[in-house]
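Engineer: Note that the working numbering has the sequence shown beginning at 19, numbered continuously upward.
Calculated from the structure, these hints are not laboratory results.
Here a beta-carbon is modelled for each residue, glycine too, at the ideal position from N, C-alpha and C.
Incorrect hints may have been included.
The calculated label-pair distances, taken between Cβ atoms and stated as ranges, are [claimed, not checked]:
id: 1; residue 1: ASP21; residue 2: MET45; range: 11 to 21 Å
id: 2; residue 1: ASN30; residue 2: ARG51; range: 28 to 38 Å
id: 3; residue 1: GLU32; residue 2: VAL59; range: 13 to 23 Å
id: 4; residue 1: PRO55; residue 2: ASN30; range: 31 to 41 Å
id: 5; residue 1: LEU70; residue 2: ASP21; range: 11 to 21 Å
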Amino acid sequence: MKDQAVLMYVKNGELYPVALTEEQHYMLQSTLRFFSPLQIVDEPQGKAVNLLDNRKGPRREGGRD
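Sequences and hints are given; from them, build the entire structure.
Structural biologist: Here it is as structure tokens:
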């Protein structure tokens, strides 16, 4: 997984990744260039995992399956 900004959602104190379409991903990356350079906080929140690689079916928005 390459270094890049991602979108996360906090629900009930837990952090969830937000799935984006290619167009949404492009728009997010383009928008974040306006804030360049980003100040990265050296407090990792966990290991990044691509959840779409093993996707089995539709997922509910904003929650767990």
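Engineer: Run through the hints listed earlier and report the numbers of any the structure violates, in increasing order.
Structural biologist: none
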